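Undergrad: Chain by chain, the residues run as shown.
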Amino acid sequence: MLFNKRTERIFIWVFFPLALLMPLFLAENAFYISKMTSVMIFALFVMSLDYLVGRCGLITLGHAMFYGLGGYLFWMIAPEYEAVNFWVYTFYICMIASAVALVIGFLVLRTSGIYMIMITLAFAQMAFYFFSDSIEFGGNDGLFIYVKPETSIFGLSFFNLDDPVHFYYLCLLSLFNTLVFFRLLIRSRFGRVVDAIHENPGRTTALGYNIFLFRLMSYVIASALGAYAGYLFTLQYGFVNPSMLAWTTSGSALVMSILGGMGSIYGAILGTFVYEGLHYTLEHLTEHWMLFMGALIIAMVMVFKNGIAGYMEKLLEKRS
Amino acid sequence: MFKSKTLRHAVVASLATLSLSSSVMASDEPIKVGMMLPFSGVYGALGDATRNGLKMALQEQASNLHGRKIEYIEIDTEARPERAPEIASSLLNNSEADFIIGPVHSGVAMGMLKVLRGQDTVMIVPNAGAGPVTGPLCSPNVFRTSFSSWQPSYPMGHVALEKGYKKVVTMSWNYGMGKESLDAFEESFTAGGGEIVKKILVPFPKTEFQAYLSEIASINPDAVFVFFAGGGAVKFVKDYDALGLKGKIPLLGSGFLTEGTLEAQGESAEGILTTLHYADSLDNELNTQFRSAYKQQFGKASDIYAVQGYDTGLMIASAVNQLGGDISNQNALIKALESTTVRSPRGDFTFSTAHNPVQNIYLRTVENGENKVVEIAAPALADPARGCKL
Amino acid sequence: MNTQVSLDLEVMLETQGLCKYWGGLKALDDVSLQFYDKQLHGIVGPNGAGKSTLLNMLCGHYQPTRGSILHKGEAIESIRPWAFARRGIGRSFQKTNIYSGATCLENCCVAVQRRMGGNFNFLRSRYTQKVLDEIATEALEKVGLRHRRDVIASQISYGEQRQLEIAMVLATAPEVLLLDEPMAGMGHEESQLIIELLKKLRREYCIVLVEHDMDAVFELSDQLTVMVDGQHLTTGTVDQVREDTRVKEAYLGQGDEVF
Amino acid sequence: MTTSLFLVQLINGLQYGLLLFLIASGLTLVFGVMGILNLAHGSMYMVGAYLAWYFVEHTGSFGVSAIISAIIALLIGIFVERTLIRQLYRRNHLDQVLLTIGMIFVFNALQGILWGNDPLGVSVPESLAGAIPLTDVLEYPVYRIFVALLCIGIAAVMYFMINKTRLGMLIRAGESNREMVECLGIDIRKLYTIVFAIGVMLAAVAGVAAAPMSSIVPGMGEHILITCFVVVVIGGMGSIKGAFVAALLVGLVDTFASVLVPQLSSMMIYILMAFILLLKPQGLFSS
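Chains as they are written, first to last, in full-length UniProt numbering: chain Y, 1 to 320; chain L, 1 to 390; chain G, 1 to 259; chain V, 1 to 287.
Calculated directly from the structure, the hints in this document are not laboratory data. Predicted, not measured: the structure shown is a model, and the values here were computed from it. Wrong hints could be hidden among the right ones.
Said to hold, decoys possible - Short, incomplete list of chain G residues facing chain Y, as computed with Cβ under 7 Å: (1) ARG91; (2) ALA111; (3) ARG114; (4) ASN119; (5) ASN121; (6) PHE122; (7) THR172.
Unchecked claim - Derived lysine-lysine pairs resembling DSS-like cross-links, with alpha carbons at most 25 Å apart: (8) Y/LYS148 / L/LYS389; (9) G/LYS130 / Y/LYS5; (10) L/LYS167 / L/LYS198; (11) Y/LYS318 / Y/LYS305; (12) L/LYS114 / Y/LYS148.
We put the CB at the ideal spot given by N, CA and C, even for glycine.
Chain Y extracted, bound-state conformation (with noise of 0.2 Å):
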């Protein structure tokens, strides 16, 4: 188990307090909040992503598909001029990426490696060019929701998603919620599992697991998670385009994964909001941000070697 819990602890008592304060003395700036509140949103995603390539060892770069069919479907099903519900729509959603990954979970679960990447990003691209192709779809322009869902449940409402306060706390729980189902997850004994094969499939297959049946079902998992954050993105702005299906969605979600530390779920939040804010800071400052984007990803690349929660954990140690 290569994360130790202590910096995992540290990290979710600063980070989460922190986040929870924040509106209090930003609410004057809507902007801070719904950039918060966005790369939240990514972070979510980037995080079901890590638990697939870090935790499950199975590398996709195909899983921006669930982040925009998350905003598509919500599109499709959900009536046009009508607030319906979000928990509800929710549910659905997740039930129908579900079902989707479990299709083509099982047809790309039958690769891995570097096959496996390509694979998934076949399906990506198909989906892309589906949505991107199509009129009915609204092209590559994109569409638009006209109307938010509302949240009440048994006639409790907690959020108002037209307010961006609300919707930024609606996604900090999601996104906690999220980092404490991942733990759940891998402390549970389906998560010994996934560790095991992770580490060593044969061995694994010998003690008379199928592996399959788990990889399968973390991929269904974690396809389930990325539609959730494409849903909530798709709900922040009230737009969906076909670019949240495009490679480059799934890469960069991919980079952010690897800088915060594969494998460490928490790393995901680290990562996502590294990256972001480097990448806000530095096309503010320059025009040629991508020099120095770049520069710094390589530089990154050669100092930490798991990413930057490894290296936090390292840090830890010596002082300990």
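Position chains L, G and V relative to chain Y; hints supplied.
TA: Relative to the frame of chain Y, chains L, G and V by itself:
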């Protein structure tokens, strides 16, 4: 986990910054112009030119701004639509820009509109021709200084009929702008009795045209009408020549086919007929002045994108001048903008009720590496603005 | 030419005309053997005799080209690899094959958990299940690794890792143990530990042992099979095999001083 | 489709396929020998095209420009391998992915700084400027035939090198067993430097060759990169022969799909790849 002292410091610090930023006097503040343009990648050249034109205009008009300075905030959209809402929100809420200029790419335009429609800022589109911007999604605070994709292509149908072409193949990338252009051409061409024998939509951004051109050659139509821009336009025109279609089947296009690409296209572009709201060789004083000034300042020839940026600057300056420098009342600002007549290098133009330019469309042909104006294909053409309720 | 003696014990595993061809190469050719319950069946032969190939097919790792494998009379050669372990056929590998990043206990827990269920229980913590830990600890106890319970597997000695691997197989509660050179690369003392262990185990399980260490095989085996060039040469008790002239020839032909 | 149109499309498909092979061959070579997944390969294709343009502008000769560009690419390859790639041999694939993505950023930024964002074009060298008439309307430019022949030539040279020369022997040995090569007393690091540099040079040469028949634009590398990966994976990672067959297959499928099933044409090569990988999970010619 963390020391409570540190936290308190952080709280105090951020509160202090907050109160500082809101206490600055409004009248001393510069006019903030946010730019959401692509400065890298495939559309990078377009973003550059637009920015240059815009800055040049505002520099020239500095004396008309009633002492107000201009502050620019430039953000690279990378032509990624999924980032558009966020950047727009950043310019709107964080930078509190008075004007937001952008974008080049239609998908990005849609994402921007989602955030900026009806907000307390003015969005001016200096290029993206997507119909909905001044159609069903039009809004009081959204203007366009360029064109709707319908505008440059619609007159070409009449031109083709006049030339006596009966059967035409149309072709473009399979995306909004391309499809809208082909539809506009088809509208006027078929209304006059012409026939579209085949409509080819190439997946964007594919540039392997050989297979399609071979097919066109086998159909052998009277003419070919295309919409391509930038690198794709270069490749298409070169392929059209290399495969021997040039000189045998006349090539017509929406003007972007030969804008900013002529140097790279070289000989291959000679003789192509296009329609557009501008031409480098337009014979008027303003244009000559503009072109030489631009060349002097930036060291390269201006193009349509520079003109569009320039006109955006003129439009802003004119409104600021009309209001005596006080642009704090949004309704007044919008009124001023609406009533502006832009004295542009492309010829004077006004705005339609949907906030799209009412402008001349010129028929041009490529001669010696330049777009030469043949005639005015449609004078003061207004976009039908289908679906706009303004 | 089945020279195998019938015993009054139950036949756990049986091969009938088993073949494995790799392209033109006959790694295993027409091998028919019977493995009895509560007996230790040694398999020896020079390098390339097909011992490991045989073992890999008995555990489902390879699909036979021809022939069949019977487990308690049922043909199982076409079932999926993981289903072999579920039928109680456990194996250890020639090269150490453990979860080196996890503790010894965790290693065995993975093995125990398969038959205890709850593998698709997503939320209940794996660390709060006493029964599992107890059974896993028992398995460690059996191989004498109890004191290493909470040590990361990569940090115990090589010999202990081999023991751990056997513990993992035991933890799956198998009926058949397929052991592929469990003593390979070990020093004398470590080998002795394994030998003692196998002596304890051989009256409880049906064990198939492929091993290079002849002394150990002779000491442990109830039945002994000699294989040469992918073919079955002879099977019998240790004494019978020792007397067999063909065996001597086969080994002498290889230039090996074995006996 | 008439027979003549079919033949023309066949030529189009083969020509496109051959160019794809040229770009993809470097990618598969580097992966096969060094196990490095070089996502910056497309950037080298772009760099090649830009260098070709730059030196044609300055020397006036396409041939000279091609040679200088190839040499510069070789040097870039050596430099990148020595300073960056070398540090990562012992790290996992994903770190290599991250590194090469960083390199894409850097190359794109440098392209913007050095050459700007305008689309550029190189004209076909005079000696290869003619065209051969195919039908009444259609001609086939000599330059494209030349490029196709060049690709076949390079394929032949690579085949010869890998199967008949000492370097090729080392490459094949290095593929299967790193230690063995080291035991032979050969500095594997030198071998890796050479192979990586050759891979980079192949990409750049492809960029140079493509320059006169395409437009030189920012981002041209990323688009081709994905197509190249499709080729390399269909062929089987690391197999030159596989890349050759797969490139032709992809070229033909893409060409004919454009005409026969236009509504699916954008997806067609991905459908092809998915289909092949489902049948042969290791590609057509995996080792």
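Undergrad: It remains to establish, for every hint, whether it holds in the given structure.
TA: Hint-by-hint comparison with the structure:
For the restraint placing G/ARG91 at the interface with chain Y, the shortest Cβ-Cβ distance is roughly 6 Å, inside the 7 Å limit, so the hint holds. A distance limit of 7 Å between C-beta atoms decides the matter here; for G/ALA111 the minimum to chain Y is near 5 Å, and the interface restraint holds. Restraint check, G/ARG114 versus chain Y: the minimum CB separation of about 5 Å is within 7 Å; hint holds. Because the closest C-beta pair between G/ASN119 and chain Y is about 6 Å apart, less than 7 Å, the hint holds.
The beta carbon of G/ASN121 is positioned within 7 Å of a beta carbon in chain Y (closest approach about 5 Å), and the interface hint is therefore held. Below 7 Å, beta-carbon pairs count as interface contacts, and G/PHE122 has one with chain Y at about 5 Å; its hint therefore holds. Interface hint at G/THR172: satisfied, since its Cβ lies 6 Å from the closest Cβ of chain Y, which is below the 7 Å cut-off. Distance check on the hinted pair: Y/LYS148 and L/LYS389 sit about 23 Å apart at the alpha-carbon level, within 25 Å; holds.
Between G/LYS130 and Y/LYS5 the alpha-carbon distance is near 22 Å, which keeps this suggested pair within the 25 Å criterion. In summary, the hint linking L/LYS167 to L/LYS198 is supported, as the alpha carbons are separated by about 9 Å, within the 25 Å threshold. At roughly 16 Å between alpha-carbon atoms, Y/LYS318 and Y/LYS305 fall within 25 Å of each other, so this suggested pair holds. Between L/LYS114 and Y/LYS148 the CA atoms are separated by roughly 13 Å; this keeps the pair inside 25 Å, and the hint holds.
Of the numbered hints given earlier, the model fails none.
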